[in-house]
Each structure stands twice: as structure tokens, then as C-alpha cells.
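Each residue of the sequence shown is one higher than the one before, counting from 0 in this note's numbering.
Calculated from the structure, these hints are not laboratory results. Warning: the hint list may mix true and false statements.
[Claimed, not checked] Label-pair distances were calculated between CB atoms; the ranges are: (1) His142 with Glu14: 22 to 28 Å; (2) Glu51 with Asn74: 16 to 22 Å; (3) Pro72 with Tyr179: 20 to 26 Å; (4) His60 with Tyr179: 18 to 24 Å; (5) Lys106 with Gln28: 38 to 44 Å; (6) Gly43 with Ala88: 15 to 21 Å; (7) Gln230 with Leu54: 37 to 43 Å; (8) Lys106 with Leu54: 31 to 37 Å.
Note that the coordinates shown come from a computational prediction; the quantities given were computed from them, not determined experimentally. Note that CB positions come from ideal geometry on N, CA and C, so glycine has one too.
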Amino acid sequence: EQILASHSQVDGTLELPDLPRIIKAINEQRPQGDGYPQALAHFGPELAKLGEQYLEWTERHRKGAPRFTDKMPNNFASIGLIAAILPNARVVNARRHPLDSCMGCYKQLFYKGQSFTYDLVELGEYYLEYQRMMDYWHELVPHMVLDVQYEDMVADQENQTRRLIEHCDLPWEDGVLRFYETDRAVITASSEQVRQPIYSKSVNSWRRFEKQLEPLIEVLEPLLRKLPENQQPSILR
Numbered sequence: 000e001q002i003l004a005s006h007s008q009v010d011g012t013l014e015l016p017d018l019p020r021i022i023k024a025i026n027e028q029r030p031q032g033d034g035y036p037q038a039l040a041h042f043g044p045e046l047a048k049l050g051e052q053y054l055e056w057t058e059r060h061r062k063g064a065p066r067f068t069d070k071m072p073n074n075f076a077s078i079g080l081i082a083a084i085l086p087n088a089r090v091v092n093a094r095r096h097p098l099d100s101c102m103g104c105y106k107q108l109f110y111k112g113q114s115f116t117y118d119l120v121e122l123g124e125y126y127l128e129y130q131r132m133m134d135y136w137h138e139l140v141p142h143m144v145l146d147v148q149y150e151d152m153v154a155d156q157e158n159q160t161r162r163l164i165e166h167c168d169l170p171w172e173d174g175v176l177r178f179y180e181t182d183r184a185v186i187t188a189s190s191e192q193v194r195q196p197i198y199s200k201s202v203n204s205w206r207r208f209e210k211q212l213e214p215l216i217e218v219l220e221p222l223l224r225k226l227p228e229n230q231q232p233s234i235l236r
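Based on the provided sequences and hints, a complete structural model is requested.
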């Protein structure tokens with residue numbers, strides 16, 4: 000997100016609450032008695048109005064660039080809605096090794112709304128559901144979603160960044176490679192990392208805690224066994 004926010008045509012914003020507000024509005028209208036997501040089938044041309052409403056609500060966070068980011072993590076569950084109301088949007092699915100992703104969440108005491116991160120088993124089950132949902136979105140709207148793997152970004156920053164910029168239909172600017180120089184407020188859990196160049200010390204950090212992560216590994220085993228053997232926990236090999 001910080002890379003995109005470093006582009007002259009992109010406003011970096013926050014974890015915006017406005018897509019959940021759209022879902023709330025749909026549930027309040029309940030066309031033909033249906034709530035979200037079933038209600039979307041009854042909206043027709045009104046879907047465009049929901050997109051306009053989202054753009055209007057988010058305007059207060061923007062500074063006038065033609066594009067902007069919304070990095071609310073839980074938006075992954077609403078990519079179908081995004082495709083319906085904002086067909087020109089692009090989704091970037093930022094990924095890491097599953098155990099690094101989950102451990103990063105487990106170590107962070109979130110303010111609210113992420114209670115599943117407090118338990119390793121529940122966290123693993125949530126991650127599996129996230130992965131299944133992302134697989135579905137890739138089938139449904141393959142042009143809209145790009146996976147960006149952190150480990151690949153560390154190994155080859157420029158080429159991975161070019162993939163990202165191209166996916167978002169933006170012209171190339173060399174400044175996006177120096178994203179850490181961008182002067183903007185960041186108040187999320189990653190606020191310190193985004194002010195530094197990409198570094199490799201966070202790759203495979205889960206290995207130091209493999210024993211403690213065994214409950215998580217057990218839940219994620221079906222997914223972990225699909226990884227190359229050198230990326231699997233030793234207890235699975």
C-alpha cells in the first residue's frame with residue numbers, strides 16, 4: 000500500500016470503514032426481504048449508485064489524486080461487492096508465508112474486531128477460510144485480483160513492483176521504489192515497517208517459534224503441505 004501511495008496518481012488513505020457502511024445500507028434496505036449478500040441480486044442499475052455512495056463517503060480521506068487506496072484487511076470478504084459496485088477497481092492481495100502471516104496477527108494486540116487472532120486454532124481456521132475465499136475470487140474476477148507475495152518482493156523488488164503498478168493501470172514512476180521516503184501519516188499496525196526499505200529479516204520468522212506454533216500448524220497442515228518442502232515446518236516432513 001505504501002508503494003502505491005508513493006505514486007503521484009494515488010492517494011494513500013487508511014483502513015476505511017466505508018465498504019462495511021455500504022453493506023450496512025444494503026441490509027437496511029432489504030429488497031424483497033433479503034439481506035446482504037443475497038440482496039445484491041435485486042439492485043440492478045442501483046449497484047452503480049452504491050459505488051457512487053462509496054466514492055462520496057471516502058472523499059474526505061483523499062487529496063485529489065485520480066486513484067486512492069483502501070487497505071481495510073477484511074475487505075477480502077467483499078471482493079464480489081467491490082466488483083459489482085466499482086468495476087474499475089483493482090484488488091491487491093498482499094500475502095506472506097501462512098505461518099508468518101498468522102504469527103504476525105497473533106503477536107499484535109488489535110484494538111477491536113479481530114478477536115480470532117487471540118487463539119492459534121481459531122486464527123488458523125480463519126486463515127483457511129480466507130484462502131478458500133481468495134481462490135473463489137480468483138476464479139470469479141481473475142482480472143481484478145493480483146497476489147503479491149512478500150517473499151517475492153524481498154527477492155526482486157523492482158519486477159514485483161512493476162507487476163503491481165501494471166495491475167493498477169498506472170504509468171511507471173521510479174519513485175515507487177523509494178516508497179519509504181513518502182511523507183504521510185500511517186496509524187495502523189505496520190506504521191514502523193512502511194518507513195523502512197524492504198528487508199529480508201522478517202522472511203520465515205515463524206521458524207524460531209515452530210514448537211509454540213504447533214496448534215496453528217496442525218490446522219494449516221492441508222495448506223502447508225502444498226508448499227515446497229523447504230517451506231514446510233519440520234514436523235510435517
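Each hint, compared with the structure:
no., hint, verdict
1, His142 with Glu14: 22 to 28 Å, "holds (25 Å)"
2, Glu51 with Asn74: 16 to 22 Å, "holds (18 Å)"
3, Pro72 with Tyr179: 20 to 26 Å, "holds (21 Å)"
4, His60 with Tyr179: 18 to 24 Å, "holds (22 Å)"
5, Lys106 with Gln28: 38 to 44 Å, "holds (40 Å)"
6, Gly43 with Ala88: 15 to 21 Å, "holds (19 Å)"
7, Gln230 with Leu54: 37 to 43 Å, "holds (40 Å)"
8, Lys106 with Leu54: 31 to 37 Å, "holds (35 Å)"
In summary, the structure agrees with every hint in the numbered list given earlier.
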